[in-house]
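Student: One letter stands for each residue in the lines below.
There are 2 protein chains.
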Amino acid sequence: MNDSYLKFVNSPLGGRVARSLGLPKPEVLRRYRADAAEFDGLIAIGAGRAPQLLDALADVVKSTGLTSVAHESAGLWIALANRHSLMTGRFEPTEPGAHARVAALVFDASGIEDSAGLDALYAFFHDTLRSLGKCGRIVVLGRTPETCDTPRQWTAQRALEGLVRSLGKEARRGITSNLIYVAPHAEHQLEGTLRFFLSARSAYVSGQVVRIDAGSGNAGAAGDAIDWAQPLAGRRAVVTGAARGIGAAIAGVLAAQGAQVVGIDIPSAHDALVDTMRPLAGTALSFDIAAADAPAQIAAALGETGVDIFVHNAGITKDKTIAKMSEIGWHNVIDINLSAQERIDDALLAAGTLRDGGRIVCVSSISGIAGNLGQTNYAASKAGVIGRVQSMAPQLRARRITINAVAPGFIETQMTAKIPLAIREAGRRMNSMSQGGLPVDVAQTIAWLAQPASAGVTGQIVRVCGQSLLGA
Amino acid sequence: MNDSYLKFVNSPLGGRVARSLGLPKPEVLRRYRADAAEFDGLIAIGAGRAPQLLDALADVVKSTGLTSVAHESAGLWIALANRHSLMTGRFEPTEPGAHARVAALVFDASGIEDSAGLDALYAFFHDTLRSLGKCGRIVVLGRTPETCDTPRQWTAQRALEGLVRSLGKEARRGITSNLIYVAPHAEHQLEGTLRFFLSARSAYVSGQVVRIDAGSGNAGAAGDAIDWAQPLAGRRAVVTGAARGIGAAIAGVLAAQGAQVVGIDIPSAHDALVDTMRPLAGTALSFDIAAADAPAQIAAALGETGVDIFVHNAGITKDKTIAKMSEIGWHNVIDINLSAQERIDDALLAAGTLRDGGRIVCVSSISGIAGNLGQTNYAASKAGVIGRVQSMAPQLRARRITINAVAPGFIETQMTAKIPLAIREAGRRMNSMSQGGLPVDVAQTIAWLAQPASAGVTGQIVRVCGQSLLGA
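Those sequence lines, one after another, are chains A and B. For the first sequence, the numbering used here assigns the number 1 to the initial residue and increments by one for each residue that follows. For the second sequence, the numbering used here assigns the number 1 to the initial residue and increments by one for each residue that follows.
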């Protein structure tokens with residue numbers, strides 16, 4: 001849990017040593033704190049031809065209290081900001097050597113209809129990237145390629161991925177770069193997701209692509225008064241594997257956002273679970289989720305009031321090359337990480353325990369995306385989780401239930417603390433943040449997916465990996 | 001173009017040095033040679049419950065002349081092989097220390113309907129992986145997840161990706177591991193693709209997932225007599241950027257497979273292009289593909305006879321961070337690598353120059369998938385190529401035209417020879433083959449996609465990267 005290199009290079013002496021030796025200098029990431037403003041500073045706006053999301057963007061600028069400045073590509077913004085009663089000005093590049101004042105760069109690419117139109121993105125990021133401060137945010141807004149009318153439009157929108165991922169790798173300094181695709185008529189579902197990617201809550205989420213659809217709920221509809229400090233107020237949430245590590249962090253963040261939390265863990269972790277739940281005023285339930293009768297017992301324990309949010313976090317590893325792996329080592333990993341989730345969801349959905357409009361969030365892994373040496377069982381289970389999300393999302397739409405997954409990269413936990421130093425260091429540095437993430441980074445991402453305002457986000461896999469180089 | 005480390009560690013002295021220092025020992029990959037048998041040795045067959053592709057697999061075993069042995073998971077194979085008049089036996093593990101005799105491991109997972117059924121894959125690969133020889137082949141056959149009837153089936157099929165990618169990372173020794181998803185009623189389209197993944201032609205293609213659909217052509221239909229040594233006989237193929245490097249290799253392989261080749265390159269490369277085309281008995285055409293009138297001129301030059309295959313290989317890089325990139329550096333990369341392809345295809349399709357049943361193959365890049373520092377322009381253009389493939393595939397179906405892309409990783413060319421040694425070495429070793437690929441590896445992959453027997457393969461992106469660690 002202790003990245004001593006990160007601390008060292010961010011000390012006065014360590015910074016000088018790192019500079020003189022040309023060592024990487026990972027930034028101390030700015031993370032969400034309840035005692036500090038969530039949004040602060042300037043947001044620079046750019047746009048391609050015929051931008052379609054500026055009104056939705058204006059709503060977010062207003063609700064976050066950010067001050068906007070318009071790049072010359074976004075000539076429409078000034079008049080529009082005035083209509084929305086927003087303070088705005090023109091973007092001026094930061095002088096070399098001066099403190100970079102811009103907190104976020106947002107580009108509306110939704111109207112770009114062919115590859116030639118991509119030039120506007122060059123102009124915006126060429127002019128503005130150096131003015132973006134440490135731990136700044138880059139967000140590009142596009143149209144979901146699969147919804148585009150012509151191959152040329154689809155192609156241009158798909159091209160944004162390559163740009164956004166490259167920007168993340170160039171920007172460094174704790175800056176994140178993400179792409180949000182908005183389907184037609186889904187503009188009213190943008191706010192919750194855009195706020196997340198602009199906030200310090202998404203400190204370790206970079207290089208990601210999220211698709212927003214019109215959803216079937218109205219929770220994110222314009223005009224709703226959402227309490228962004230307590231977006232989960234009145235919601236009941238279940239977290240499996242909640243006693244320690246990432247699960248405990250998830251329970252903590254959900255509770256901090258107002259949820260009433262039920263933690264589940266194995267009987268042998270009962271005391272730790274109780275200790276974790278106590279300060280959250282949560283409920284501790286001891287179950288072996290892999291037991292045949294666990295789904296029915298969990299459904300019964302949750303009772304007729306039901307739940308709004310179910311986070312499938314519990315998981316195990318039993319790493320061995322397949323030639324040396326035991327049959328039980330294979331079976332248990334698949335069963336606990338994947339099959340148990342299937343059995344529990346089937347039971348909760350059949351009994352109506354998960355309410356209509358609910359949220360299922362699963363924990364996958366970069367191993368499930370890229371595969372990993374010694375993890376045939378774990379990678380298969382986590383790839384299966386991706387299949388669960390993709391297959392169930394369409395089926396759950398009628399009940400306004402969303403299902404998504406997060407895929408953590410290198411997260412500093414008691415588990416990673418046991419990895420040999422050289423491998424641990426490689427895992428920590430091989431990403432755009434040059435450091436491992438924290439359990440709270442996974443938890444914040446899950447909390448965003450669990451919010452009522454995420455009604456338009458379903459079937460998505462979001463990596464929490466600091467834009468790890470690893471992938472497929 | 002010269003991986004001296006690879007040569008060194010595969011010399012008697014170098015091998016001893018590498019062993020004593022614990023250095024990686026990349027395998028000299030076995031590549032296709034016209035003067036050697038394409039298929040040789042044992043193929044071990046495994047299967048999950050109710051396998052549905054064993055008949056199609058038997059056709060391929062027969063046509064390749066491989067000798068099959070059945071793992072105990074594939075009890076049905078023996079009787080089926082007898083029906084197909086195939087020599088077969090039971091799989092026996094290679095004794096420790098003995099020469100591993102198995103050339104390929106193929107598992108039919110198509111009938112697996114839930115995550116518990118994945119246990120059969122463990123049993124097969126646990127028993128067989130150590131018996132697989134150097135440069136062996138792992139192929140798992142599954143059902144396209146998106147076509148599955150139930151979420152549980154979709155989930156189990158999707159889980160195969162995690163397993164196959166992990167096996168590639170574990171197996172090493174020049175072994176490739178790939179996953180072929182076969183849609184319902186597409187069994188007759190499997191042969192060309194399965195042959196490619198079993199052949200030495202796919203030496204540098206690993207960790208890939210290819211989806212096969214029923215297609216609309218009948219070229220791969222059972223009963224057709226396909227000349228697998230000259231599958232492109234009678235076909236006319238165009239390759240852009242054909243003067244040198246990967247383009248010249250593509251032209252060479254297409255010609256070797258029987259195609260009549262037309263090479264296109266810029267006027268300044270005219271002499272090199274003529275030299276490349278001469279031994280292929282090909283035609284050299286000098287055009288700047290980015291010129292406004294190029295599409296019409298190319299269509300005119302190809303004439304009314306038209307072409308069957310168009311390979312969009314021409315591309316440029318102009319690497320700079322976006323803050324330092326010139327507007328023209330951005331524009332030219334997007335225009336040549338992406339927009340020119342769009343203009344040319346539009347012209348050829350409108351004029352009917354690309355015949356019905358034709359093949360379009362584009363060259364993307366790992367940068368287009370993962371993004372890259374200093375390549376915002378290149379990555380956007382190559383991500384756009386992916387969008388082109390995905391958007392046009394459905395539209396071209398009515399004309400039985402397929403469109404696919406290859407995404408090369410680190411390929412040894414004159415361009416990569418100029419990369420500083422340390423970065424070049426990192427690029428070379430960060431993949432499951434611990435070496436860079438060769439232009440011929442990209443060319444062989446394109447030739448497979450261009451074959452008549454690939455009628456069921458469209459809208460696919462196939463990396464030629466030795467299972468590079470890099471991705472998204």
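Keep in mind the hints are simulated off the structure, nothing from the lab. Mixed in with the good hints there might be a few duds.
All copies of an identical chain are treated as equivalent in the list; a pair is satisfied when it fits inside any one copy or across any two copies.
Cut-off 25 Å, straight-line C-alpha distance, at most; resulting in silico cross-link-like pairs (DSS-like, lysine-lysine) [unchecked claim]: (1) LYS7 / LYS318; (2) LYS320 / LYS62; (3) LYS134 / LYS320; (4) LYS25 / LYS318; (5) LYS25 / LYS324; (6) LYS320 / LYS7.
Since we're looking at a predicted model, the values are computed, not measured.
Student: Are the hints correct? Go through all of them and say.
Tutor: Results of checking the hints against the structure:
1. LYS7 / LYS318: Intra 32 Å, inter 37 Å, cutoff 25 Å: neither.
2. LYS320 / LYS62: neither (52 Å within a copy, 36 Å between copies)
3. LYS134 / LYS320: between (40 Å within a copy, 21 Å between copies)
4. LYS25 / LYS318: This pair counts as neither: shortest intra-copy Cα distance 34 Å, inter-copy 27 Å.
5. LYS25 / LYS324: Only across copies: LYS25 and LYS324 sit 22 Å apart there, 40 Å inside one copy, limit 25 Å.
6. LYS320 / LYS7: neither (33 Å within a copy, 31 Å between copies)
Consistency note: the structure conflicts with the earlier hints numbered 1, 2, 4, 6.
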